[in-house]
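**Q** For the protein sequence lines, the chains are A and B, in the order given.
Each residue of the first sequence is one higher than the last, beginning at 1 in the working numbering.
Each residue of the second sequence is one higher than the last, beginning at 1001 in the working numbering.
Derived from the structure by calculation, the hints contain no laboratory data.
Here are the simulated DMTMM-like cross-link-like pairs (lysine to aspartate or glutamate), alpha carbons at most 25 angstroms apart as the crow flies: (1) B:1581 with B:1307; (2) B:1578 with B:1283; (3) A:208 with B:1064; (4) B:1165 with A:228; (5) B:1158 with B:1148; (6) A:208 with B:1358; (7) A:240 with B:1064; (8) B:1032 with B:1009; (9) B:1127 with B:1384; (10) A:208 with B:1050; (11) A:233 with B:1235; (12) B:1287 with B:1577; (13) A:212 with B:1357; (14) B:1428 with A:81; (15) A:240 with B:1050; (16) B:1424 with A:207; (17) B:1387 with B:1208; (18) B:1424 with A:89; (19) B:1265 with B:1009; (20) A:206 with B:1050; (21) B:1424 with A:81; (22) B:1428 with A:89; (23) B:1204 with A:228; (24) A:173 with A:161.
Small disclaimer: the values here were computed from a predicted structure and weren't measured.
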Amino acid sequence: MQEDKSVDRRGFLKVVGGASAVAGAAAATQPGTAAAQTPMQHNMPAAAAGAASDRLSGWAFFNPDEAAFVKAALDTLIPADATGPGAVEAGCATYIDRQLAGAYGRGARLYLQGPFAQGAPQQGYQLPLTPAEHIRIGIADVNAYARKTKQKLFQDLAPADRAAIMTEVDTGKAELANVAAGGWFNMFLALTMEGYFGDPMYGGNKDKAVWKMIGFPGVPGMYSEVIEQYRNKPYPHTPKSIQDFA
Amino acid sequence: MATRLNPVDVLLVGYGWTGGIIAKELASTGLKILALERGGPRDTNPDFLEPAKDDELRFALRHELMQDVSKETLTFRNNRAQTALPMRQLGSFLPGNGVGGAGVHWNGVTWRFNPWDHSARSQTVAKYGEKIIPEGMFLQDWGVTYDELEPYYDKFEKTCGISGKAGNLNGAKIAGGNVFEGPRKNEYPNPPLKQTHGGALFEKAAKELGYNPFPTPSANASRVYTNPDGVTFGECHYCGFCERFGCEVNAKASPHFTVMPIAAKNPNFELRTHANVMRVLLDSTGKKATGVVYVDARGREFEQPADLVVLSAYALGNVALMLWSGIGKPYDPVTNAGVVGRSYAYQASSGATVFFDEKTWLNSFMGAGSLGVNIDDFNAGNYDFEKMGFIGGGGIGSSTSGARPIQFRPVPPGTPRWGADWKKATVKHYLHTGNVSNQGSNMAHRANYLDLDPTYRDIYGRPLMRMTMDFLDNEQKQMRSLNQKCAEIGRAMGGAIVEPRTNPIPYSIVPYQSTHNTGGAVMGADPRVSALNKYCQVWDVPNVFVTGACVFPQNAGKNPTGPVGALAYWIADALKEKYLKKPGALVPV
Ligand SMILES: Cc1cc2nc3c(=O)[nH]c(=O)nc-3n(C[C@H](O)[C@H](O)[C@H](O)COP(=O)(O)OP(=O)(O)OC[C@H]3O[C@@H](n4cnc5c(N)ncnc54)[C@H](O)[C@@H]3O)c2cc1C
Ligand code: SF4
Chain A
1 MQEDKSVDRR
11 GFLKVVGGAS
21 AVAGAAAATQ
31 PGTAAAQTPM
41 QHNMPAAAAG
51 AASDRLSGWA
61 FFNPDEAAFV
71 KAALDTLIPA
81 DATGPGAVEA
91 GCATYIDRQL
101 AGAYGRGARL
111 YLQGPFAQGA
121 PQQGYQLPLT
131 PAEHIRIGIA
141 DVNAYARKTK
151 QKLFQDLAPA
161 DRAAIMTEVD
171 TGKAELANVA
181 AGGWFNMFLA
191 LTMEGYFGDP
201 MYGGNKDKAV
211 WKMIGFPGVP
221 GMYSEVIEQY
231 RNKPYPHTPK
241 SIQDFA
Chain B
1001 MATRLNPVDV
1011 LLVGYGWTGG
1021 IIAKELASTG
1031 LKILALERGG
1041 PRDTNPDFLE
1051 PAKDDELRFA
1061 LRHELMQDVS
1071 KETLTFRNNR
1081 AQTALPMRQL
1091 GSFLPGNGVG
1101 GAGVHWNGVT
1111 WRFNPWDHSA
1121 RSQTVAKYGE
1131 KIIPEGMFLQ
1141 DWGVTYDELE
1151 PYYDKFEKTC
1161 GISGKAGNLN
1171 GAKIAGGNVF
1181 EGPRKNEYPN
1191 PPLKQTHGGA
1201 LFEKAAKELG
1211 YNPFPTPSAN
1221 ASRVYTNPDG
1231 VTFGECHYCG
1241 FCERFGCEVN
1251 AKASPHFTVM
1261 PIAAKNPNFE
1271 LRTHANVMRV
1281 LLDSTGKKAT
1291 GVVYVDARGR
1301 EFEQPADLVV
1311 LSAYALGNVA
1321 LMLWSGIGKP
1331 YDPVTNAGVV
1341 GRSYAYQASS
1351 GATVFFDEKT
1361 WLNSFMGAGS
1371 LGVNIDDFNA
1381 GNYDFEKMGF
1391 IGGGGIGSST
1401 SGARPIQFRP
1411 VPPGTPRWGA
1421 DWKKATVKHY
1431 LHTGNVSNQG
1441 SNMAHRANYL
1451 DLDPTYRDIY
1461 GRPLMRMTMD
1471 FLDNEQKQMR
1481 SLNQKCAEIG
1491 RAMGGAIVEP
1501 RTNPIPYSIV
1511 PYQSTHNTGG
1521 AVMGADPRVS
1531 ALNKYCQVWD
1541 VPNVFVTGAC
1551 VFPQNAGKNP
1561 TGPVGALAYW
1571 IADALKEKYL
1581 KKPGALVPV
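Based on the sequences and whatever the hints tell you, model everything.
**A** Written out as structure tokens, the structure reads:
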């Protein structure tokens, strides 16, 4: 994440943003001309340098700033340590990116008809937002909050400051501009846990490292011959995932 | 305009457990039977094959086999002072969708309700007098007794190949079975499932405390089994992907491979999938159903005439259809008159999480949907209501239904939700945590009911059903008292940390609790307080019968599908032996 120096990146985005507008106009008359693409190609390698694994997977939903935020947030929620992998190395950023780009993120199985009202907590999710919109707005909100309280973007803060902000968001103490802090945090944490503990097929739990850490043997479970034998004993196994059978 | 189709004799709305049983049972009548199912077709192969079926994200969290609430949902509030808002995501309960209904992804805990449950009012009043019933509580008899239903329970247990142990054979009590159950004519068709370490600890602790533990009756087959219809079940693998998942080996009884293939052999039977029934049509008298209107996958509307309509669209769907169609008088909580939507109830559950030390290996990832051990000592009429201070009680047990890691990550109280300490605690407790749960009953009350929402609509333009529901005083006392019993057992099991819990109070639509929605169209002997007579025939519209747990006058401390299945056989018998011979009201009003 060190390479994502926010000032550089923001400067870069200004250039590219401007260029894109020009490129867009040019493309309308001259699709695919070299002139339209030059600024992008020129800046690309420098911006992406050092982020090899991310470049391999790519972002289907997040813009680079959001991706940097998400990785910093994941590193705060589940840091790498002696106990086991961190959420970043487990691939949770890719997991969340894919979920938000896909059906879940776009509001599948979510009733989104109005009128809308806040309601009581026991009435559940009542936002006029898809999960993708909710997460995106919340990322901007938390970053604005970090700037206001700590004068930096969230991803540029030291780990202790990030943890302090996440705690304020978690407990609802942080006043965010658009979304309710606690509700946003719950959704982000749930996505993090899904990626971390889910089947590697979805992009998280890379190499089944999390299943190895907790001792979950994965799939398929065929225990009729062993369930009695391993009562009150550790069960030796090597985890398998759906992906392993693909 | 709806296209009018050729009439049928019997029309089933919804094709899950109850629709499947009735379609099969009526095959011998030679009548033309049509089942309309809103979801798609499904089969074990190719839909439930390993390893794809063991996809926790897809099936348990994204609810692929369940109702799509972006299309059809309900609104919810705790009480009449609140404004009901839509259940925008699935949460507290997970209604099924597609052939087999929720029967393809249930756990398979298959009870007979206790004799008290079926005659709750008369038995309570006989023992304690009227005065024990709190203001506003509707304690009602079913209009059918346990003894009348016994042969039908037996039939459903055999269809499902239930693994269990009898506790009362023809009146003789048998230790190791449920000594509180009503007398049964036959032993369960299969022996109990294998026991886990958690189950063994529970059994020992419960015995030491003077209770009467027994294996949970389970529709996960403990051995290869062929049912009386000739359907063969595989032996359960204890795969741990059972609740919310299909079963690859047909060890978990489901209508899609038991009753439905037999129903389908009948040349006079037809199933139409992707056929969503909008409403039942009544004639000008309002006392006779003439058929239904349904919408197909292309959005086309059809009028399907029928002589007899059976609502088998799950408890909530059945009540909604009655409200949309004007069948029976809707309940009015202000005047306390009307019957449709009245007596909605749920499951008021609590329990304790039991954290063991790291030398105690529970390995809960090996499990089956209904693998567990129970006691019935504090359930139904088996304890002193006056002493405990509540009516109904709950079934207490320890289950091992799997430990799928996105959802099963127990950590002791005081552990943070994230960060390094959270991770350490998660790893420490994953293989070493058990549970003692109280599946609490829920008595029906004037304050809890279903009606139509004035504001919100589904994608077809129908008003959403509105649920007004909270856990009231009787249920709160029950949950808080029985979780102490659970904690006591948890400590006797050797738990190092025992954390009591209850379902959220006030009741919340958000966390999953159970798909045991009951009431709203209850059966009984008095048309002023029941929508249906003892044969589950609508008092006001005798050519409409209703299945499912919506017919329960109150909910027991037990899962509903045992009696739901038994009643489906009971209704089929009433149709064959009584109604079809002489159509009309089976019980005079
Ligand atoms: C995760 C889970 C676990 C469970 N575990 C247990 C358990 O261990 N023990 C137990 O006793 N019970 C359990 N249940 C409950 C059990 O599944 C139900 O009691 C049972 O399936 C009810 O049978 P039914 O015929 O009433 O409804 P279902 O089997 O759900 O069938 C209803 C069908 O009607 C269809 N339908 C609805 N509306 C319409 C319409 N308007 N037009 C056309 N079709 C329609 C639906 O799509 C569905 O296919 C569980 C449920 C779930 C979801
Ligand atoms: S636990 Fe048994 S019954 Fe349940 S899905 Fe697995 S094999 Fe089938």
